[in-house]
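Chains C and P: place on chain H using the hints.
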Amino acid sequence: MTAAFPANAFVPTAYRVIRQRREMRDVATLELSAAAGELPTFAPGQFNMLYAFGVGEVAISVSGDPGNRGRFVHTLRAVGAVSTALARLEAGQMLGLRGPFGTGWPMTAAVGSDLVIIAGGLGLAPLRPALYHLLSHRADYGGITVLYGTRHPRDILYRREIERWRRRLDLDIEITVDHADRAWHGHVGVVPALIPRAAIDPENTFALVCGPEAMMRFTVAGLRDAGLAPERIYLSMERNMKCALGLCGRCQFGPTFICKDGPVMRFDRILQIFATREI
Amino acid sequence: MGGHVLAIGAKAMMTRDGLQALIEALLSRGYRLIGPRLGEGAIVYDDIGGIADLPAGWTDRQEAGSYRLERRADAAFFGYAVGPQSWKRFLHPPVERLWQARREGDELAILPIEIETPKFAFLGVRGCELRAIQIQDRVFTGGSQVDVAYGARRRGNFIVAVNCGTAGGTCFCVSMASGPKAKGGFDLALTELIEGGAHEFLVEIGSATGADLFAGIPQRTASGDDIAAAEAVVARTAREMGRTLDNTGIKELLQGNPNHPRWDTVASRCLTCANCTMVCPTCFCTTVEDGSDLAGATAARVRKWDSCFTLDFSFVHGGPVRSEPRARYRQWMTHKLANWIDQFGKSGCVGCGRCITWCPVGIDITEEVAAIRANARTAGTPEKGGA
Amino acid sequence: MEGLDSILAEQPFFAALEPELSKIVSGCARNRRFDAGSYIFHEGDDADEFYLIRHGRVALEMVAPGQAPVVFNTLGSGDILGASWLVPPYKWMFDARAVELTRAVGIDAKCLRGKCEADHHLGYEMMKRFLPVFVRRLHATRLQILDVYGKRGK
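Protein chains in written order, with numbering that gives the first Met the number 0: chain H, 0 to 278; chain C, 0 to 386; chain P, 0 to 153.
Hints listed in this document are in silico derivations from the structure and should not be mistaken for laboratory results. All C-beta atoms, glycine included, are put in the ideal place defined by N, C-alpha and C. Just to be clear, a hint being listed does not mean it is correct.
[As the list claims (entries may be wrong)] Heads up, simulated DSBU-like pairs for lysine-lysine below, C-alpha to C-alpha not over 35 Å straight-line: (1) P:Lys22 - P:Lys127; (2) H:Lys259 - C:Lys182; (3) C:Lys10 - H:Lys259.
[Said to hold, decoys possible] Far from chain H by the CB rule (all over 10 Å, computed), these chain C residues: (4) Ile7; (5) Arg36; (6) Asp245.
Here chain H stands alone, though its shape is the one from the complex:
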């Protein structure tokens, strides 16, 4: 992987936006291809640093299919200056990219096991490559359950794809929303509340979790209630990040660096600090 980097890993490579899709009012998905040379491979769960010209750089998880070597897909919400500038990019325009960086989901460790994938809000994006991988290697894995929670039915990410997946017989998808009106016939409530109904076999299941930290804390508690050992729970964490190389010091989470020890962390490795305030 390091071989794919330029000698100076601080310097981004130019990429071109091939397609831009507006997922929601403030959420966009960018498909990127390298302006020159080959696209590096990535593992589900890894992230790239995306650079908007003159504005800055931000860490965004890869959300595309790891089997599609031609492009990087990123879904991002316009929350700050950089992400807003990135979300405004149109097909044909260019951005800078460094990566991929960080750890991935335990796709190898989970071979032969059941998986429960628990996503909150935009946390579905970093989990989507794991789903693509599971579905393209379906026979290697046991039961797959996706529990997805979001704010409102209109905030469901990748809706058409989810509808397609829901028709599959080898995949269980449950969606719950925090707020709904009567037009919504699905679950209402928080995503951890779906865990007891998911009939998890704790001895044979890996849990992959991504969402806002508060949601992940409650989700971990639910998974522990269901009997899952901390070693079987993986979380994707987020912290302020500048270099993504372990050199700027900003993404420290206790003794770990989210950029290189994460973003995907096995829960037993962060158990001591996970609930510590302002750590």
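Coordinates of chains C and P only, in the frame set by chain H:
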């Protein structure tokens, strides 16, 4: 006259003129020589052309929150402890351009910047500072990802260490086992000996490069008395050190007490001014600033020293993770003394005392550790965060 | 009542309940069926029966004047519906509507309250089962009001 190349570990004596000759030899070999001199009311590190530039006869009186220059009774060149600066400002500069970018229409080109690599020679590097350089070497070049520019600036440094003859008012290098004697990592190490009318240096050879350079410097053989005198200087400095830091189980102590009430006590004094992180010779955290010209045709990225005491440091969309001063002080101290051990194998503190001296309210890291230790939860049993 | 006995025993909620106690509870129980769209109870009604949902989905709604009803939670198979039957004045505080065909065991609240009052051992066994359910729902409600998926700081 010299000519004879000494073995590594060998010792010899050199006069003040020898020091001048040493400086000239380094300059003539093309080194950019940085050493101590008076400036900005302190002893700072800057370009040196000869012994006349050195702060002869000056010392620094340091206490928590206080630093004063004073005259010494003698004309010692290295009769001070450490100033506010450290060598990191040369190896890991406070401001550094990383790259530039050019945009024309939709086209974007990102261009690396040629790394500026002067050949540095550092004169007057203390034991604690040598340790600090080694710690930053580990941070920037010891992992899977490397700071290429740091590595380039560090490559081929010539280091003239100085064993401390004066304990600073705030330092505790004995506790951190980094001084007062330089322990390896130097090319030459000097112990300044002023006895009666004599003003000489015991020189210890630390590397083949050091031996080669020193061969051309006027010198005499070191006697048993000379060596004993130098050892006595270092032993006296160690004895006079006023502060200690108990490192026993410190990783478990700090990692296991994130909710200790002492964090609130220290936060009530801490101004979160970031001085401690700026003067610390191992603090390495940075931010980046992106900008473009008015026409939006060229842009650049600049890296700057940053501090975990700023709110921006931990900002994630919506707000900072560490909004309270208590959390930011805890982050700094726990990282330095405990998490650093997990990350890089040893403590991030070298015991130089700068953070104590330059804290405007005189917060003393050794006192904070002792206070936490005094009524800590049993080390190793982490506090449980409530749901 | 043999049938209800075994239905209750299958429910995780009543797992490991002593057979004698199970018999007492099923003495207060009956099978219920609610068509999709029908209301199980309304806010302000007497909470004289609570439900153990066997199949289906129930939406809990609250209504404010001039606004469409807001669904704040949905319950499904294995869930307990209703807590107000436990605490005076025994009135429902929300509407419960079957979203789809829902089958449940309805338990006569007055009957079970009386039996728990008479047999504190039964009462304690029931409390040990109800309290965790409601504490979990309280936790979930806290997370829900955090509104974690929205844009923060705005």
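Next item on the list: Could you grab the alpha-carbon distance between Lys22 (chain P) and Lys127 (chain P) and see if it respects the 35 Å cut-off?
Entry: holds (18 Å)
Item checked: 10 Å cut-off, C-beta based - Ile7 (chain C) kept clear of every residue in chain H -> Ile7 (chain C) is indeed farther than 10 Å from all Cβ atoms of chain H, at 32 Å.
Notebook entry, point to check: Does the claim that Arg36 (chain C) lies outside the interface with chain H hold up, using a Cβ gap greater than 10 Å?
Noted result: Holds, because the least Cβ-Cβ distance between Arg36 (chain C) and chain H comes to about 31 Å, which exceeds 10 Å.
Notebook entry, point to check: Regarding the pair Lys259 (chain H) and Lys182 (chain C), is the alpha-carbon distance no greater than 35 Å?
Noted result: Distance ~32 Å between Lys259 (chain H) and Lys182 (chain C) Cα, so the pair holds.
Item checked: Separation of Asp245 (chain C) from chain H, once the least beta-carbon distance is taken, above 10 Å -> holds (21 Å)
Item checked: Given pair status - Lys259 (chain H), Lys10 (chain C), alpha carbons within 35 Å -> violated (45 Å)
The earlier numbered hint that this structure contradicts is number 3, and it is the only one.
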